[in-house]
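**Student:** Please take these sequences and the hints and turn them into a complete structure.
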Amino acid sequence: MRFLARRLGFYLLTAWAAITLNFLIPRLMPGDPVELLVARMKGNVEPEAIDAMRRAFGISDANLWQQYLDYLGNLARGELGRSITFFPTEVSTVIADSLPWTVGLVGVATLISYLIGTSLGVLMAWKRGTWLDGVLPAATFMHAVPYFWVALALVFVFGVTLQWFPVSRAYGLDVMPGMTGEFAASVLYHAALPAITIVIASMADRILGMRNVMVTTLGEDYVVMAEAKGLTSRRVMWAYAARNAILPNITSFALSLGFVVGGSVLTEIVFSYPGIGSMLLKGVENEDFPLMQGIFLVISLAVLVANFLADLAYVVLDPRTRQESE
Amino acid sequence: MNVLEIRDLGVDYLSQTGAVHAVADVSLDLRRGEILGLAGESGSGKSTLANAVARLLRPPAAITSGSVVYHRQDGTAVDVLALKRDELRAFRWKELAVVFQSAMNSLNPVSTVGAQIDDVLRIHAPKMSRQDRAERAVELLQRVGISADRRRSYPHELSGGMRQRAAIAIALALNPEVIIMDEPTTALDVVVQRDILHEIRALREEYGFAVVFITHDLSLLMEISDRIAIMYAGRVVETGTAEALHRAPRHPYTLGLLRSFPRLHGPREELLGIPGTPPDLRSLPPGCAFHPRCGRAMEECSTRLPLLTRGTDGPDGADGADGADGADGEVACLLNGGRGVEEAS
Amino acid sequence: GCSGGGSGGSGGGENAPPLIIHAVDAGTFQEDFNPYHLEGVNFGTSGMIHETLMYFNKLKPGEITPWLALKHEWSDKGKSVTFTLRKGVKWSDGKPFTAEDVAFTFQMLKDNPELNRNALEITGTEALAPDKVRIDFENTSYAKLFNIAGNSPIVPKHLWEKQKDPVTFTNPKPVGTGPYTLSKFSAQLYEMVKNPSYWQPGKPEVPVLRFPAYTANAVQTALQQGEVDWAGAFVPDIQKIYVQGKPEQNKFFFPPEGVVTLLPNLTHPILSKPEVRQAISLAIDRDKIVRVAERGYTKVAHPTGVPMPGGEAYVPPEYKDAAFKVDLAKAKELLKGVDPAKLKFTLLVPSPFTDWVNAAQLIREDLAKIGITVDTRGVAFQDWVSKVGKGNYELSIRATASGPTPYYQMRSMLFGGLAEPVGESATGNYQRWKDAETDRLIEEYAATEDEAEQQQATQGLGKIMVEKLPTLPLFYSPSWAQYRTNKYVGWPSEQDPYAMPSPYTSPDAAVVLLHLKPAAK
Amino acid sequence: MIVLEGRNLTKHFTSARGPRGRLGKRPPVRAVEDVSIALRAGSVSALVGESGCGKSTVARLLAQVYPATSGELLLRGEPVRARRGAAFRDYRRQVQLIFQDPFSSLNPFHRVRYHLARPLRIHGHARSDEQERTMVAELLERVSLTPVEQFMDKLPHELSGGQRQRVAIARALAVQPVALIADEPVSMLDVSIRLGVLRLLEELAKESGLALLYITHDIASARYFAEDITVMYAGRLIESGPSEALTQSPRHPYTRLLLESAPDPDRVTPPDATRHGEPPSLIAPPGGCRFHPRCPVALPVCSSEAPGRTELGEGRWTHCWQAETPDPVAR
Amino acid sequence: MKIKIGFGILVFFALMALAGPLLIGADPAATSEDGLQGPSAEHWLGTTQTGQDILTQIVYGARISMGVGVLSAVIANLLAILVGLVGGYFGGAVDEVLSVLTNIFLVLPALPLIIVLAGYLPQRGVGSVAVVIAVTGWAWGARVLRAQTLSVRRRDFVQAARASGEGPLRIIFFEIMPVLLPVIATSFLATVVAAILAEAGLSFLGLADLSTVSWGSMLYFAQNGQALLIGAWWWFIPPGLCIALIGTGLALVNFGIDEIANPRLRTVKVRKART
Ligand SMILES: Nc1ncnc2c1ncn2[C@@H]1O[C@H](COP(=O)(O)OP(=O)(O)OP(=O)(O)O)[C@@H](O)[C@H]1O
Ligand SMILES: Nc1ncnc2c1ncn2[C@@H]1O[C@H](COP(=O)(O)OP(=O)(O)OP(=O)(O)O)[C@@H](O)[C@H]1O
Ligand SMILES: [Mg+2]
Ligand SMILES: [Mg+2]
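Listed in order, the protein sequences are those of chains V, U, P, X and R.
Using our numbering, you'd call the opening residue of the first sequence number 402 and step up by one each time.
Using our numbering, you'd call the opening residue of the second sequence number 5 and step up by one each time.
Using our numbering, you'd call the opening residue of the third sequence number 192 and step up by one each time.
Using our numbering, you'd call the opening residue of the fourth sequence number -4 and step up by one each time.
Using our numbering, you'd call the opening residue of the fifth sequence number 5 and step up by one each time.
Keep in mind the hints are simulated off the structure, nothing from the lab.
Every residue, glycine too, gets a C-beta built ideally from N, C-alpha and C.
One or more of the hints may lead you astray.
As the list claims (entries may be wrong) - Calculated lysine-lysine pairs in the DSBU-like style (CA-CA distance at most 30 Å, straight line):
(1) R/Lys8 - V/Lys528
(2) P/Lys281 - P/Lys355
(3) V/Lys528 - R/Lys6
(4) V/Lys528 - U/Lys88
(5) X/Lys201 - R/Lys8
As the list claims (entries may be wrong) - Negatives, chain V to chain P, calculated, CB over 10 Å:
(6) Ala554
(7) Phe559
(8) Met577
(9) Ile597
(10) Lys683
(11) Ala707
(12) Arg721
**Tutor:** Next comes the structure, spelled out in structure tokens:
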């Protein structure tokens, strides 16, 4: 528990750092979202209207400290401001609309990738010297492939050439969102390729990480002992070796979530998935800093929460942490 | 009489720079109910031998020759090296159990001691009820001096001595005929070590299993074992009863080892030690591997590989082996009238 | 918030198929139908739902169609305008459309400068009669007629006056006078159905419009797979991806909409020399740029910069047939007097605009031939906006928006009043052209209602463009429109440019929809 | 002559990672409590005790690897206070430490020459390359690593354990100390090569007049190599005396237990078979005499009050309430 | 074996990046009128829509992509070494602060942060992109190095060096750092991969300098030019493949290093144990 309290403290500190960073970055950087907007709206806006708009977007000239306090205050009330791109939609609304898609897609895909990757890693370590070693070079290769390239390749093969899967959007044009089976089926069908992308691109890390730890674990005395005890291979492999090997992998998995989220941003963009990644890019392109800040904050907090969950899992899985701290 | 017979066992570690002959032509008998001590310097192949017998070798280790035969109580002989997977699983722990050097490392850190005993019972005695298994676990732990409530403790919550005891309790779970103990007390204090040695002896009296006790501490072996085998560079160079070895070591290496230990009691003896360093197993000196360090080496020693035989003389010639004790022992040394073979290469 | 109701609330269009439209790239839609919002607003809000007082056809400068207003009349030297409204028009909720609504709309713009994107200097509004409304301005506003009548959608007073803050009002259940009403909305798709009580009887003939959300990428696939009927997308290889060997069915029309020019920073000592600009202009092979960088989708600009065809009346007669020609020899000749060491410029382009990046590359190659070293630098869009706005650049490429007449474009390109000092953000005239003659012509145009006089002034500006090269026109920015004729016919075309064909221009898109007829089976 | 002396040395570690106590403060590890020890020139003293009883901590306190919580150090009778600067460097020059594990006490990346040359340079014994070379050669010769040329350019992994320990010793000697603390210098070595290293240390003490502290858990080897032995238990000293006398007639029950427990085939009577329990925790050490929970002859007073030092004559002393009784309870 | 293949790949790409442009000599951005040609004798890897030669672009792109990768890995690892070794060695308050900082950067999602940062970058040159990537990418290395330093610091040879009077800086850089070289190498190689991927991602999003040819910007243009839809596989396959291959090469070398440091990881051929 002490361990968790300590971690919680750390996460709070990190969250504060993320929030502050979030506040500072757009203010330390040059650029003016309104000018951009006008530039993009070629001719639809008279330049004379800029000032009024600036006011509407809540761009303030107050001193930095005051702005920071206001920002924290708003945040405490859950207000993230209004998006500039989607003015006057609240950033929180934009996020609320897009987050479920990302959480669903990335969450499920990551879970799948973690399960498959970990199992494969365990198996590969266990069956060293067999044909399974052949997966290794493939995994090495996949480990270094950019997410978006995988996405592009999948689109090319399964979307454009074979036309098995839809290559964009989150559900079909002919269904309306609702709690219907039709809608659910459409969502799953549309999520197939992006999910496969994330699974493929992030699985290699899990395989390699798990394999390495597992190989080391397999050399430990307690595994040899378990084998000597005449336990079944399955039991030795999972209850003794994998169970221990997973521990160091939990933390690295949690930390790698940041990368997965990053990668899925790219994936979402390729697949026009209406998730948080597409929104982030939109925000960046438009220098829509309320939106960017909001999204970055949400992503950071999500990763923090995931890390905290991983810590929890660690505590549950590793009796040693329950007593001593770290 | 013999519960385990090892014949001409050879084990190599294969590597790119050539095979390491970690165990070469080892023949040993383990008698029912005895404690056989196995001593030798670090790297002499003790653990490798033990693991080979328990079929625990992993690549790159490979058994290159020999056989290991286990005799059941009912007289049937089992070729250990030829056991199939299922047979092997049954053989392990029911017939032969292992206790490793460091109990911290040989207990699964994420499950309780009780669960680790339970694990064995569940696999090997599937008919036992959960209740019975729990009772048995408590009984075993109490037998080695751990209170019943420690059943729910994780290994890290136990002290070193308790862990070692727990490991022994696990080994006892199925009343095996043979327990191999690979340096079970090296990591412990002398006082705790002493306690555990007592425990082992007492348990042996009670259950009647045979023990292969591996350590590099010869004086410890002399106290606990019935018979002792000394290994050097992958070969057994001398065997004999503890007493005979203590009184009249016949191989110069055994003598050297004995004379390397300072004694606590009695007069201060001069310590001899052994000059030089242990050989590289990849390129052993020809002939007797010990000859470069042997003060009494002869010409022949560098060309002829001595075989393990019942020798007649101790290295000092004068001491001689007397009667029954000596007759029981074997030595691989040309000085002892031992026969040798001409080195092939 | 979608108002259920199947596939067409009031089955006016019988069995005619829905039209799938892609107007702007969007991953998702926000539920925003406030026509005065900039980007957040969903396309179709103005035009299909909320209509303007008049319709200005940009492809035929000067062609103005009465819409909600039948006519207008200036008074007080252009500081006041009175509209006579069409009678019998109804809001889609059944309430009649009156002068009160128009007055309310403009009053709202006056009260909420945040919504007043046309920067109309409104001083007051008055509904003179149920069909007559007057709007007063602070200054002469002849030149703003387009903004007033052609670009300010009218909203219903009876609903909007209940809103506390029209600035953040998202108008989720829009009620307009237009040919369509919103029937369904979800983050990925919204649908409009025919307004049964529309004031143009029998119209529209397209019963249902669907707007799926496509990103720039997704729309390409959609086009290739025939998912959309009408799109305004840049397609890199239109023959392969879209036309697919069926030019009679899969049509496209990319009329000019504004002009892309090479901006020389006139505060730069070398670039301020007319002969240098002349030489640069002579060296650039615009045909090749159009062919390679622009994939032949557009045309080389007329030297005046006036969009052609269509803008003939605004071009000085003597330059009617002028065209850019490459003449390296003459270019070199012109550069004789300039220190060759100083002929080194960086050319700033926004790197996401890949066609411009390619064009910059070609310009670099061309200018190298006459001894001018150009370093092309691709920068972030924001960075480019800020640098060009503040005049911190040497050469750059930028598009100038078009308006209902070439004057709007000329003013934005050349008006001295827009030339801020270097370091301050300008909103036009980025090259910082300062010329009394130019400013006089622009003011002349703004001070008159007379079309002929206006054309005269614009011709003067065209002359300056050709002779003094304040900025170097390259090619027209194309307006993108792909449409299929398998479901509906009657689209605008080069032969019949009755409206901008792109689905993203409003209210033109509504005009197009009103022209469509089901294709013969 | 007493060269180095520690008086009432105490070391409490407040570990950064240990569990917290009730008030959120981490309890200290009382690794060493009130230890006084003196090293004489030209003689070998031994410090003996179980694993974890604080031997290494004493060694490190003496070598000033970390500061003592309380107590003082005297070098040639002068109190030592400096913790940095020239004076501290000077202390380092006088007192050197040899580590238990020859496999980890040499940096695998540096050659033998580097290991020996660095201390020479740091302490200014060698000022030119030439000088450095000859001094390194001399050192190697002193620890019998010959031919010198061959060993000079070897990397640690090319050496056997005994050779590495010799290099470590040579490195300590390079500093030219007056006191040398050897922290279990042979426990990681094979039995057969231990002797060589121990003999070397013995010789150095005898010949160069070094004061040597030999730390070990093997009381038998202390009997052979040290002139006097001090026994330590759970952070405290419990008995000290000339090695022969101490091992043959121990006075403290713990020393006796230790001697009994050490394996010895020559033993005449087998040791008794009672369990002795586990060594105590140093975070919450038993009150009074720290040995009382395991002591076969404990008195009630043992659990409440720590026994003081009882001088037994002939340089022997012990901390035990029953020190006066020669053999507390005859068994 | 692995390490050899890995090195082979790396050397190949390094040569390509260093010598390739000299051999080819053409301008990678040069356009021509034969756009979208498939691979042919004239254009080995075909051309882009604007007729740029893809092989030339790949060769020049290697410079930028690998340059950014290496540059940001260098910066990131310098940071990591500084923070990790100093924190790990000195411990105490310095370490607390540094490790909290490290952990913060570790859990903040890097790519979104890079995207946000790059979105604001005024200059999107190679250097600034590399810096942004480095700033967000050093933490992992620092953490690993700190953990290693903590354990190496307790190793006897460090204590011995201290006991013989070495100063802290010399201990950090002469005693500890050499021992950590395999770890540093591993972390360096891993950061190179991460940086190349990050640069590609940024370019692909159009957030890097697109007027310089890098593999990422090639992919950006390929994507923008809908290479997929028009079946121009020769346009988008090679850059992605190059990135993946370099990554594979680096990963293989890394495995090699790992295997040297930890022999257990070696793959072994199982031989039939006994005849
Ligand atoms: N995996 C391996 N690969 C190569 N050689 C090995 C391997 N494991 C052990 N060896 C070698 O085999 C020989 C015998 O090793 P073994 O572990 O049996 O010795 P030991 O007598 O048990 O030593 P110790 O007393 O140190 O435990 C040693 O020389 C060792 O170097
Ligand atoms: N840096 C430290 N921080 C916290 N506790 C420590 C530290 N160093 C040693 N200790 C604790 O102090 C006690 C004494 O340790 P020390 O290393 O001195 O024992 P030792 O007698 O040398 O043991 P060994 O025979 O195992 O070397 C142990 O309980 C140990 O856990
Ligand atoms: Mg062993
Ligand atoms: Mg110690």
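**Student:** None of the hints should be skipped; say for each whether it holds.
**Tutor:** Tested hints:
For the hint linking R/Lys8 to V/Lys528, the alpha-carbon distance of about 24 Å falls within 30 Å, and the restraint holds. About 24 Å separates the Cα atoms of P/Lys281 and P/Lys355, which keeps this hinted pair within 30 Å; it holds. At most 30 Å may separate the alpha-carbon atoms for a hinted pair to count; V/Lys528 and R/Lys6 meet this at roughly 19 Å. Restraint check for V/Lys528 and U/Lys88: the C-alpha separation of about 18 Å stays at or below 30 Å, so the hint holds.
For a cut-off of 30 Å, the pair hint linking X/Lys201 to R/Lys8 is broken: about 55 Å separates their Cα positions. Distance to chain P confirms V/Ala554 as a non-interface residue, since its nearest Cβ pair spans about 15 Å, more than 10 Å. Non-interface call for V/Phe559 relative to chain P: holds, since the shortest CB-CB distance, roughly 12 Å, exceeds 10 Å. Not every C-beta of chain P lies more than 10 Å from that of V/Met577, the closest at about 6 Å, which undercuts listing it as non-interface.
Residue placement check: V/Ile597 keeps its beta carbon more than 10 Å from all beta carbons of chain P (closest about 17 Å). Separation of V/Lys683 from chain P is inadequate, the least Cβ-Cβ distance of about 7 Å not exceeding the 10 Å criterion. With a cut of 10 Å on Cβ distances, V/Ala707 stays outside the contact zone with chain P, its closest approach being about 24 Å. The claim that V/Arg721 is not at the interface with chain P holds, since no C-beta of that chain comes within 10 Å of its own (minimum 46 Å).
The earlier numbered hints that this structure contradicts are 5, 8 and 10.
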